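Chains as they are written, first to last, in this note's numbering: chain E, 1 to 217; chain F, 1001 to 1231.
These are computed hints drawn from the structure, not numbers from a lab. Where hints are given, some of them may not hold.
Going by beta-carbon spacing under 8 Å, a handful of chain F positions derived as facing chain E [claimed, not checked]: (1) Ser1003; (2) Ile1146; (3) Gly1184; (4) His1185.
For each label pair, taking beta carbons as the anchor points, the in silico distance ranges come out as [what the hints assert, rightly or not]: (5) Glu1136(F) - Asn67(E): 22 to 28 Å; (6) Asp1071(F) - Ala183(E): 27 to 33 Å; (7) Asn116(E) - Val1080(F): 45 to 51 Å; (8) Gly1058(F) - Asn67(E): 57 to 63 Å; (9) Pro1057(F) - Asn67(E): 55 to 61 Å; (10) Thr1081(F) - Ile47(E): 45 to 51 Å; (11) Gly34(E) - Asp1107(F): 21 to 27 Å; (12) Glu68(E) - Val1106(F): 24 to 30 Å; (13) Asp73(E) - Glu1136(F): 20 to 26 Å; (14) Lys148(E) - Asp1071(F): 34 to 40 Å; (15) Asp122(E) - Leu1125(F): 20 to 26 Å; (16) Val1106(F) - Ala183(E): 33 to 39 Å.
In this text, all values refer to a predicted model and were calculated from it rather than measured experimentally. Glycine included, C-beta positions come from ideal geometry on N, C-alpha and C.
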Amino acid sequence: MASPFNAQTQQAGLNIVVLDPAHGGTDPGARGTGGIRESEIVLDFAIQVRRALELQGFQVVQTRQGNENPSFDDRSATANAQRGAVFVTLHISSTGLPGTVRVYVNSDLPPVADSNGLIPWDRAQAPFLGLSRKFGDLVQGFLTPRFKGSPDAAQSASVRQLRTTAAPAIAIEMSSVTVEDRADLDRMAPGVADAIARGAAAFKPSYVVAKTPGALP
Amino acid sequence: MTSRWKFRLIGGLVIAVLAAAIYFPILRRRVKRAAKLQQQSEEQARRELTQPIVINPGDPRVKTKVFWASDTIDSTLVPVTVELPLSNDPVLRSKQVLNTLLAGPVDAELRTLPPDALLLAFYLLPDGTAIADFSEALATSIPSGIVSEQLAVNSITRTLEANVPQVQRLKILIHGQEVETLAGHLDLTGTFVVNSNPAQPPAADKAPAPGPGTLTPDKAPGKLAQPERKP
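Using the sequences plus the hints, can you model the full thing?
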């Protein structure tokens, strides 16, 4: 999708949240026995998350608006074209304690050799791992009191979507598509949306934005 | 046509119908038997190809730690100690422990890997990089999600970490191919750190103690060009 972002007029500091409803198109993601499809629910969740973020004064860019399936790289490219952005990818698991939410940051990546000032695409997340951890812990901190049984801090995992994203980036996974009634998941949406918005607002002061898109933080 | 020829024709048809009625059930039995034999031989060939591991009763019985899902704490692994005759050869030993992991715990609910997944091949390079090639079922039958995919990979790496110290890094292939993700989430393009300490041959009567639940980063360069990541 087209981004409203203009590098010439962009203000310094965090002001954009790139929201990524995972899967879509021919990839439904996790599927529950009751016909629940991860790709559909995360798209619905994104609407509420977007609204909560806009209330906090953030611009929101979505990697998909409908039932299409951009590649991992296309989704990362949407985020990497922004300046002053964070990236949040939304997922629903097919296992885990129903009603819990986990925040993930990418596992350790080899440090980027900054010989030419460019970040290798396949390790674009490497320079942002510390910021991602901070952002992830903040969001998880707002989620855990609402969703009992969720972890106290963000977890590390080799999430493919995060690796090529040159921005503070987190994955949020709600449990799970195994619930009998989709309404059980829908009821989680306002709390998840509020926690993401509050987490982004709390993270904002600590994010110093580089001068050029995709540059090292 | 004369009545004589008519009689001959009808007689011939009757004989043909009778012959068919007798032969058809025999033919059907033969087809069924052939299909069954083919199925058995395919299954046998598959087992021969994928599980060429001979348990040598002479191998020392070792307390082996296999990591399956916890029944008390959600989405975590716990070591289960089983006594197995394990080879001292790291490749054979790796195959033995991974096949035990794939076979699953007594409680099927605590499995971390799909029951129909197979270990097709296992290689160990001189620099400590291991390559485990699993059948497609590992990717297609596993529940999709970050938490379930991470639990699966962690159960593999931690089981190897606890029992085969020569394995320092692990590359996972699916049916001989590198794939981008396990089931849409977990990145399989790189290698996973297994043991960061220099390899020491395992004691014959005691398996090495597993780490405290976290895998440590590895700085040693591997032959594979992909970046190394912790699962």
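Hint by hint, here is what the structure shows:
Checking Ser1003(F) against chain E by beta carbon gives a least distance of about 71 Å; that is not within 8 Å, so the hint is violated. The restraint placing Ile1146(F) at the interface with chain E holds, with a minimum CB-CB distance near 5 Å, inside the 8 Å limit. The beta carbon of Gly1184(F) is positioned within 8 Å of a beta carbon in chain E (closest approach about 6 Å), and the interface hint is therefore held. Taking 8 Å as the C-beta contact cut-off toward chain E, the hint placing His1185(F) at the interface holds, the least distance being around 6 Å.
The given range of 22 to 28 Å is respected by Glu1136(F) and Asn67(E), whose C-beta atoms sit roughly 26 Å from each other. Evaluation of the 27 to 33 Å hint for Asp1071(F) and Ala183(E) yields a pass: the beta carbon distance comes to about 29 Å. Against the hinted window of 45 to 51 Å, the Cβ-Cβ separation of Asn116(E) and Val1080(F) comes to about 50 Å, which satisfies the hint. The hint said 57 to 63 Å for the Cβ distance between Gly1058(F) and Asn67(E), and at roughly 60 Å that hint holds.
Remark: the range hint 55 to 61 Å for Pro1057(F) to Asn67(E) is upheld by a beta-carbon distance near 58 Å. A C-beta distance of roughly 49 Å is found between Thr1081(F) and Ile47(E), which places it inside the suggested range of 45 to 51 Å. Between Gly34(E) and Asp1107(F) the C-beta distance comes to about 25 Å, which sits within the given range of 21 to 27 Å. Taking 24 to 30 Å as the suggested C-beta distance range, the pair Glu68(E) and Val1106(F) does not conform, at roughly 45 Å.
Evaluation of the 20 to 26 Å hint for Asp73(E) and Glu1136(F) yields a pass: the beta carbon distance comes to about 24 Å. Roughly 20 Å separates the CB atoms of Lys148(E) and Asp1071(F), a value that falls outside the hinted 34 to 40 Å. Hint check: Asp122(E) to Leu1125(F), Cβ distance near 22 Å, so the stated range 20 to 26 Å holds. Remark: the range hint 33 to 39 Å for Val1106(F) to Ala183(E) is upheld by a beta-carbon distance near 36 Å.
In summary, the numbered hints that this structure violates are 1, 12, 14.
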